[in-house]
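Please work from the sequences and hints to get the whole structure.
Number of protein chains: 4
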Amino acid sequence: MYFASDNWAGAHQSIAQRLLEASAGFASAYGTSDLDKKVEARFCEVFEREVAVFFVATGTAANSLSLASVQRPGGVTFCHSEAHVIEDECGAPEFFSGSARLVAVPGESGKIDPARLSAKISSFPEDAVHHGRASAITITQATEIGTVYSLPEIGEISAIAKKRSLALHMDGARFANALVALGATPAEMTWKRGVDMLSFGGTKNGCWCAEAIVFFNPDRAKEMPFIRKRAAQLFSKSRFIAAQFDAYFKNDLWLDLARHANSMADGLRGGIGASNCARLAWPTASNEVFAVVTKSAARTAENRGATFYEWPVPAATPDLVEGNETLIRLVTSFATTKADVDGFLKCLAT
Amino acid sequence: MYFASDNWAGAHQSIAQRLLEASAGFASAYGTSDLDKKVEARFCEVFEREVAVFFVATGTAANSLSLASVQRPGGVTFCHSEAHVIEDECGAPEFFSGSARLVAVPGESGKIDPARLSAKISSFPEDAVHHGRASAITITQATEIGTVYSLPEIGEISAIAKKRSLALHMDGARFANALVALGATPAEMTWKRGVDMLSFGGTKNGCWCAEAIVFFNPDRAKEMPFIRKRAAQLFSKSRFIAAQFDAYFKNDLWLDLARHANSMADGLRGGIGASNCARLAWPTASNEVFAVVTKSAARTAENRGATFYEWPVPAATPDLVEGNETLIRLVTSFATTKADVDGFLKCLAT
Amino acid sequence: MYFASDNWAGAHQSIAQRLLEASAGFASAYGTSDLDKKVEARFCEVFEREVAVFFVATGTAANSLSLASVQRPGGVTFCHSEAHVIEDECGAPEFFSGSARLVAVPGESGKIDPARLSAKISSFPEDAVHHGRASAITITQATEIGTVYSLPEIGEISAIAKKRSLALHMDGARFANALVALGATPAEMTWKRGVDMLSFGGTKNGCWCAEAIVFFNPDRAKEMPFIRKRAAQLFSKSRFIAAQFDAYFKNDLWLDLARHANSMADGLRGGIGASNCARLAWPTASNEVFAVVTKSAARTAENRGATFYEWPVPAATPDLVEGNETLIRLVTSFATTKADVDGFLKCLAT
Amino acid sequence: MYFASDNWAGAHQSIAQRLLEASAGFASAYGTSDLDKKVEARFCEVFEREVAVFFVATGTAANSLSLASVQRPGGVTFCHSEAHVIEDECGAPEFFSGSARLVAVPGESGKIDPARLSAKISSFPEDAVHHGRASAITITQATEIGTVYSLPEIGEISAIAKKRSLALHMDGARFANALVALGATPAEMTWKRGVDMLSFGGTKNGCWCAEAIVFFNPDRAKEMPFIRKRAAQLFSKSRFIAAQFDAYFKNDLWLDLARHANSMADGLRGGIGASNCARLAWPTASNEVFAVVTKSAARTAENRGATFYEWPVPAATPDLVEGNETLIRLVTSFATTKADVDGFLKCLAT
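In order, the protein sequences belong to chains A, B, C and D.
FYI, the numbering for the first sequence is 1 to 350, going by my numbering.
FYI, the numbering for the second sequence is 1 to 350, going by my numbering.
FYI, the numbering for the third sequence is 1 to 350, going by my numbering.
FYI, the numbering for the fourth sequence is 1 to 350, going by my numbering.
By construction, these hints were calculated from the structure, which means they are not laboratory data.
Incorrect hints may have been included.
Heads up, the list lumps identical chains together, so a pair's fine if it works in one copy or across two of them.
Dumping the calculated DSS-like pairs for lysine-lysine here, alpha-carbon to alpha-carbon at most 25 Å [unchecked claim]:
(1) LYS222 - LYS120
(2) LYS162 - LYS222
(3) LYS222 - LYS163
In structure tokens, the structure reads:
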């Protein structure tokens with residue numbers, strides 16, 4: 001009953017097996033091998049257009065280098081107040097971009113509020129040398145709290161970005177989970193809605209270590225080879241990433257894995273909704289579930305071997321949790337089983 | 001006949017197999033799993049003392065973050081003129097250390113000349129605010145041109161470092177190859193000779209992606225967790241690195257792989273020494289061989305499928321190569337076969 | 001009727017005259033001259049203890065380098081939401097500190113709210129590598145909106161800082177104005193209340209360009225000579241700063257100038273309080289006055305030659321201003337005359 | 001007999017007096033005042049074209065920010081081995097440009113050797129992600145050792161720059177001294193010979209503190225307002241710089257001051273050439289003179305109150321100085337008198 005995080009799972013067997021196969025033989029290094037090229041072409045197919053792809057080691061790297069590539073001196077990036085970039089990356093986005101600032105924009109359901117975004121941006125007039133200047137917006141899909149931007153919602157953020165010529169980045173650490181939740185195509189959820197750059201995450205969805213930066217306009221990626229190398233993120237045996245993505249995309253494995261994880265989360269959502277000693281903290285649509293449970297039920301679950309994180313109560317809803325309750329986060333993955341879900345839900349039934 | 005680089009090989013079967021095994025099951029993330037802990041303990045055994053270990057994605061990261069951890073404003077690191085840090089890392093060492101400068105020190109055989117090092121260091125007097133200030137020395141073992149520092153040579157550099165309280169770093173991208181060449185223990189080649197920090201490379205010696213920073217005094221590693229995370233080098237599924245090192249150290253596999261690579265290089269050295277249309281450019285002791293070959297022999301080898309890099313003639317020895325000759329670099333690895341070596345040598349026999 | 005900013009004034013005659021005198025003769029460069037030494041000693045007298053003093057070119061430099069000197073990888077500095085460092089310095093504080101983040105803490109009257117500060121700090125637990133880590137607090141005295149921290153209020157912030165071993169910095173761009181408003185000594189308003197570092201501003205109070213970083217514990221200033229030089233802030237003819245401070249401190253000129261500026265602001269405050277078409281937006285104690293005035297009165301004043309800035313209505317008090325009104329900022333300086341004040345107040349009488 | 005450096009002098013009376021005059025009255029801040037505008041226009045006249053001008057606090061700032069404005073990730077700037085940027089700025093040029101590396105190119109007489117420059121540049125092929133990439137060249141005029149590039153020599157460096165589209169920067173800390181030595185116009189010595197950016201120094205030639213970055217193509221200066229502000233180099237009372245330049249340019253005062261300094265150096269050169277116990281170390285053309293003098297003569301001069309620096313013997317000419325001799329540097333300035341020169345020369349006559 002491992003619900004602590006989707007990065008507690010290992011690697012899916014098809015992916016691990018593919019890596020084993022790729023381990024034999026020789027290939028040119030630093031992303032120039034045939035397998036690297038093949039996978040890059042596969043990315044173009046997946047996104048239905050020519051894209052520029054850069055493998056990196058971590059999601060933090062994907063976010064930070066994407067944002068670094070569009071920064072200017074005194075630049076500012078707008079993100080949601082609870083975004084991974086501002087909460088969980090130890091200042092890496094600022095570090096890689098010559099100290100460009102992250103400006104937090106609040107919004108319900110873990111999503112940037114468009115009106116507050118516009119207001120915030122307009123507090124940075126063009127050429128206002130003291131304040132710094134608006135450079136980019138980053139949104140997280142699926143969000144840190146399990147919700148998903150609808151396609152029109154992405155379009156709305158994008159329209160704001162375009163009005164001020166800001167680059168729009170999507171943190172897709174859980175891209176696949178959002179994609180299958182929406183039933184959209186990769187193209188529809190990104191460049192067709194105005195996204196310029198994507199952190200495409202495979203690690204949380206069944207890979208060992210497979211993260212890619214995707215530029216939808218390859219012309220804007222010209223600095224990236226140097227930004228990546230200077231960031232110590234260019235793998236010599238790059239095909240060990242390529243091999244993982246090769247299996248990941250094969251027969252749409254990635255979508256199957258995300259559907260499985262979401263479906264396991266559906267199971268949790270259903271059971272929690274029906275429980276007497278638990279309730280959903282807020283609706284989610286991906287592989288994360290936030291629940292208010294009685295402390296005794298939480299202890300029972302832990303005693304039976306469940307792992308999960310207690311979560312801080314959001315400042316905006318201080319009354320969400322009563323004295324004998326606690327807020328917990330449950331994350332499912334490709335490796336979650338129905339037995340795990342059922343076992344957990346049984347803990348809530350006592 | 002792949003002699004282009006040791007990073008053109010894939011992963012050794014024992015390592016790839018271990019990774020496959022590790023792919024099942026759940027484990028806590030970010031380096032906190034049991035397997036991570038086990039491998040850290042293994043590092044302590046290998047080095048015969050308590051060490052602090054940090055996995056990172058690339059050798060460039062290992063070098064850059066090691067050096068960043070000992071930098072001060074205006075700091076300067078001394079390296080050999082042909083060191084990887086100054087020649088092949090796109091400015092990453094400077095980038096991660098707040099722009100600390102690399103100062104090149106020449107020396108024969110790819111090794112820093114101690115007298116010239118001392119002279120260079122003394123051009124940076126303490127408290128000379130305009131010049132910057134000496135902070136660290138980095139040596140490469142084995143060197144970029146295939147040679148190996150003897151233990152006394154390391155001690156000599158170390159003595160210079162201690163005199164000015166400079167940190168001493170070793171770039172061990174080919175650590176194992178140097179180790180077996182010297183017949184030394186890991187402890188003897190590092191902290192017993194005054195090395196403070198090591199970039200311990202596994203990738204070039206049979207891993208997919210396994211690099212570690214080793215601090216021989218764990219007290220000096222206190223900033224490193226933050227430096228690493230801010231550098232986007234903290235893996236979530238860190239055990240995919242741990243699993244590789246687990247197999248790497250098991251039954252001294254790493255030493256066997258390095259011995260094999262060095263022995264294949266010995267084969268090349270012997271054959272080239274005996275050839276009429278080739279000669280060794282300089283003596284080497286590890287898995288790199290530099291040879292002056294006739295252009296026609298080089299073309300023959302390429303036509304028969306050999307891969308290798310032509311190498312720039314060192315500025316210090318402009319007469320090394322005659323008009324009808326070229327300087328080439330040949331690198332062997334765990335995956336090099338005797339058939340490859342023999343096949344290549346046959347090209348020199350025509 | 002120049003009320004736009006205290007940096008629209010030139011230099012006080014005594015200071016300008018002292019600079020003229022100092023222009024003759026030779027003196028050693030880079031802060032080593034007798035005059036530099038004399039002024040450094042004067043700083044020690046003014047603050048009643050041994051201090052380390054570093055002249056820099058701008059207030060932004062003083063703030064940024066002070067904060068840079070106490071930063072660590074992943075470090076975070078807490079400041080008020082409207083602080084100059086976060087609003088008006090184009091990211092310089094982050095740039096000079098290797099991208100350490102500024103975290104805004106709200107609070108009434110332009111002052112950090114201690115309870116919210118404590119809460120914010122505790123969201124950065126020690127050793128939480130993902131979040132970054134608390135490193136410093138900076139307060140502005142007088143604040144950006146004209147208010148002044150009382151001595152106990154400074155002590156309260158300081159106690160919070162000490163509890164977590166955070167460095168406490170004071171942005172004293174208007175240090176003298178706050179000092180005379182409180183009737184305190186320089187020592188009482190700084191190190192006796194736990195302040196570690198001070199940006200001591202002379203420019204806004206009658207100098208041409210005279211800013212100094214003051215460390216109350218000189219042992220903590222050991223990196224600063226290198227930080228300052230690397231930041232291109234070490235003046236060769238440093239005595240041109242020293243000469244200004246020499247006159248500034250002589251016969252307590254600096255306190256007289258600040259008293260004059262504050263007294264001119266008192267005149268404005270009195271007149272505005274008594275006006276029919278204006279009122280004070282909030283109470284202030286230094287040389288800044290914020291007033292809600294009718295738009296017609298504002299136009300009248302402008303037409304008669306008054307300069308001032310219209311100010312954004314604070315988000316916390318959206319109802320401060322009615323439709324026919326506007327919020328303006330008035331800043332007085334050593335150069336403001338009673339005639340200017342009276343002239344301006346007359347515009348409000350129509 | 002102050003020959004230690006031209007920055008040991010104070011400010012010329014006309015400049016100091018102009019500053020005194022400017023101290024009265026009010027003016028808008030941050031470089032927007034009428035006087036700022038007037039001086040910017042004066043720069044356009046001086047350089048016979050539209051230029052963009054940015055005042056900064058130090059020569060190090062002028063150099064560092066100029067170079068930062070043309071840097072790219074992994075970028076490399078070529079400079080002479082003894083250039084101020086690489087010898088005396090504590091890493092500031094790298095710090096402000098996101099760690100772009102300085103690559104030293106040797107050359108006789110303190111000037112970059114064009115052939116060696118070309119060779120060095122070609123070791124950085126386009127798109128070679130590991131090496132970094134050529135971005136800029138910087139030359140110093142007059143050089144650190146008192147020599148001056150002829151106009152054709154500047155043109156030759158410039159042609160190399162253009163071939164690879166590298167920006168060409170001139171460090172003009174002693175611009176005026178070089179200009180009058182060549183008898184050239186400002187335009188001829190800069191943009192007409194392909195210089196893109198200039199650090200225009202006034203401090204060493206009679207100002208207190210007056211340094212400007214000049215862009216000959218204002219379109220390339222668009223990032224500079226933000227780069228300067230983020231670097232904490234935007235003065236609030238900017239007119240205190242403007243006033244100095246106003247006097248500096250008036251009636252060609254700047255050229256007169258430089259002519260005087262050079263002429264005093266001529267006096268030294270003549271006397272040293274004729275001396276029995278001294279000789280010129282190498283020919284110089286500006287206000288710096290390098291002399292080999294007997295140790296006893298040097299001591300005599302010091303005892304009589306002369307100040308100067310002993311200089312390290314260049315590595316390329318180890319035999320320059322005999323056992324009983326020492327190499328010294330003598331720098332003249334606007335404030336040097338004929339009596340000082342004669343007094344010094346008398347010390348050599350004993």
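>> Cα distance capped at 25 Å. Does LYS222 pair with LYS120 within a copy, between copies, both, or neither?
In response: For LYS222 and LYS120, only the inter-copy Cα distance (24 Å) is at most 25 Å; the intra-copy one is 30 Å.
>> Cα distance capped at 25 Å. Does LYS162 pair with LYS222 within a copy, between copies, both, or neither?
In response: Both, since 21 Å and 21 Å are each at most 25 Å.
> Given identical chains, is LYS222 near LYS163, meaning Cα to Cα at most 25 Å, within a copy, between copies, both, or neither?
Replying inline: Classified as both: same-chain Cα gap 24 Å, cross-chain 21 Å, threshold 25 Å.
Checked against the numbered hints given earlier, the structure satisfies every one of them.
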